Amino acid sequence: MPEKINILVVSADARTPNFLSDLLQENGFHLIVALSVEEGISTFRSRGADVVLLCENFPGNEPVEFIDKIKEIDPFQQCILIGDKNSEKIAYFLNNGFFDFIDRNLPIALITHRVKQAYEMKKAQSNCRMWMEGILDSIGDGLAIIDSNYKIVKANKNFARVIDRGDDLEGQYCYKLLHKFSKPCSQCPITKTLKTGQLATDCEYIWTKLGLEKVINLSTLPIKTDHGKIKQVVAIFKDASENEILYKDLAQTKHNLELLNKKLEEKLNYFSILLSISDKLQFADNLDGILSIITKAVISEDGLNLDRVSILLINDDGYLEKQYELQDSRDIGSIQVFDELQISLNDTEHQFMKCLYEEKARILRSSLCPDQTELFALLDTDEICVVPLVVEKQIYGVILADNALRHVKITEDKFGLLQILANYTASAVDRTILKHKLEGKIKELEEAYDSLRYNQAKLIRIQRLTTIGELAAQIAHELKNPLVAIGGFANSILKDIDPEHKTYEKAKIIAEEVQSLERITSTILNYSKLSKPKFEELDISKVISLTLKIVEGIIKPRNIRIINEISEGFDTILGDKEQIHQVFLNLIMNAISAMPDGGELAFKGFQDSNYLNIEIRDTGTGISDDLADKVFQPFFTTKSTGTGLGLAIVSDIIETHNGKISFVSNPNKGTTFFVKLPIKKMKYLS
Amino acid sequence: MATLLIIDDEKNICSLYKKELEDEGYSVFTAQSAKDGFEILNHNKIDLVVLDIRMPEMDGITALQKMLSNNRNLPVIINTAYNMYKDNFLTWLAEDYIIKSSDLTELKEKIRKILARGKA
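Line by line, the protein sequences are chains C and Z.
For the first sequence, the numbering used here assigns the number 8 to the initial residue and increments by one for each residue that follows.
For the second sequence, the numbering used here assigns the number 194 to the initial residue and increments by one for each residue that follows.
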């Protein structure tokens, strides 16, 4: 059964309510009657009503004043004015808050219909209000509607929380509530909005329950009447202390960012160090240069700024040996301790060797290595970085670095950078060693190439000699027999005839010339096949003095001074006595021919680890440059009577003896021949 | 007087040696090949042979071996333009090794010495 609609009827004329009562109660209305305006308002205040009906004409009744008071109590209350249809003020009343005007003479059905309309309106407005309040309460900020007297008309739930007060704040003056002021503040955003109708916002310090100041962010906006008059202000209170937390967070974030930035700068700095090092390393071509750059980078203030660094490389004896070191200039001397390190590759228990074999860099700390007290005492440090130098499983040594002078802990960053430097160092060392090996190989190749070229030239020469030699031998042999016959018969004639005979001289010339020819053919035949040397131990000084004795007779009449500085006491050589003798004989005979007007013939000797060196210097005509290449060629001669085989034979004999011959010559000043013969060494004999 | 045999393919050498050695008082046979030489050796009593090495058909070294296998005591003097045959040990079987020369003094001296030794 539908509930009854409560209607408050205010009228001075007791008949009107009765008339209405009769009519309305039949249609499910319940009437409350007030016989004066004052009674009506107090009844409404105490009991409320769904719809208020006010009769127009009775003494002391000002309908607009009445409705204002009703709306003050309930802004959503609907009031209907009942009067004569001719009333001039109908429009005025409707404009000032009345929901409807009903002519008291209207049929009752129409009246009930319009009362129901007012009731529906109030219900709808009430629903709307609840809905609105729900929305307001769901807003996270505090929200209050404040009227022109600074009285709080309406507040949402969060308002109390934000301003830190209890409930039931509606009706209080905001300046009293928030600031404990006795009057409104002229700077307040509420005042600004009330005066100007503009939006305003500001920071307010309010008092909390505990008497502390709290920061509130206050924004205001106006509520205007239909005429544009500013009726009320919506004030939004934001808890700025939450902002303060945010500010704090922000400050913390800013601080973190600054730290990050600093770290980034450090990293950038490290990066630029690495860049400049790798730049410099590109141009360092020797090991010392590379190690110098690396150690400088470790010590330099712009670099890792450590106190001292030492690079230990594995030496040929299998020990770690200090190769390069550097330390901060503030202290001198303490770095020498690295010299005292004697670490064998076989000492696998040594901390340094462990790092090397495990290819793992470590910071050794005395507190963590109780068994290494001796090492730390020797190095005079609490902690030391040991970084292995390894390239593709090839171990080269370690870098040691520490802060032994300043005793500053080595940071992970520096340790990491040190490892990168170690990588650079290891590849640089690797590169240098490879380069060194490569240079060795190149040198070997060059030597091999030189030797090949020498042997090739020798081979060509031997081939030519063989061909020429064979041809010469053939010719010589063919000539020999006729020469023997011619010469022999010439001799025979000489024997048979009287020396006074006119043919005698002619036959004699034939015999002599044939003898000369025979000598030449003999030399050619001998050259074409040098007999195999019969090696024996020879004392070169004896061979030379013997040779000089033989040529004594030739030298004496020619005004040639002999200076023999070759004394006994040189190591012996292995040689064919006859052939070595032949060498010096040929060289001496050449020298004699080069000094037709006399001069000086000097012999000098010295010995190095493998060779006996003999110099034979004359002061003769010399050999001109254009002939220098040809002197060792067979059949080359400048002498009218020579066979051109003397130096060719010398050269061949020296070669058979694994020696070397060369000469320098200045035309008209003389020639010096250098003969090198290998020393007989005891160990080769066995 | 001793009888000598000269074996040399050079006709002129043969006549030179024959004349010179006959002047010395020897009786001299000459042969221009080893084959002819053996023929003479078979039919005559020869006291000493002067033997060339480079010859067509049979060379001196082969001839020397054959000669000595027939008569180990026959003195043979190798007489050649080369000294390189000294490397061949077979030539060492000969009494001497003389390089050919227009000057026959050395040859004559050697013949005289060898024959004198034989007599003694």
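Heads up, some of the hints might be wrong.
Stated by the list, open to error - Below, simulated DSSO-like cross-link-like pairs (lysine-lysine); rule was C-alpha separation at most 30 Å, straight line:
hint, chain 1, residue 1, chain 2, residue 2
1, C, Lys502, Z, Lys228
2, C, Lys400, C, Lys465
3, C, Lys76, C, Lys11
4, C, Lys515, Z, Lys204
5, C, Lys502, Z, Lys259
6, C, Lys255, C, Lys202
7, C, Lys515, C, Lys563
8, C, Lys584, Z, Lys211
Everything labelled a hint here was simulated from the structure, so no lab data went into it.
Because the structure is a prediction, the values reported are computed rather than measured.
The hints, checked one at a time:
no., hint, in the structure
1, C:Lys502 / Z:Lys228, "violated (33 Å)"
2, C:Lys400 / C:Lys465, "violated (47 Å)"
3, C:Lys76 / C:Lys11, "holds (25 Å)"
4, C:Lys515 / Z:Lys204, "holds (23 Å)"
5, C:Lys502 / Z:Lys259, "violated (37 Å)"
6, C:Lys255 / C:Lys202, "violated (36 Å)"
7, C:Lys515 / C:Lys563, "holds (29 Å)"
8, C:Lys584 / Z:Lys211, "violated (39 Å)"
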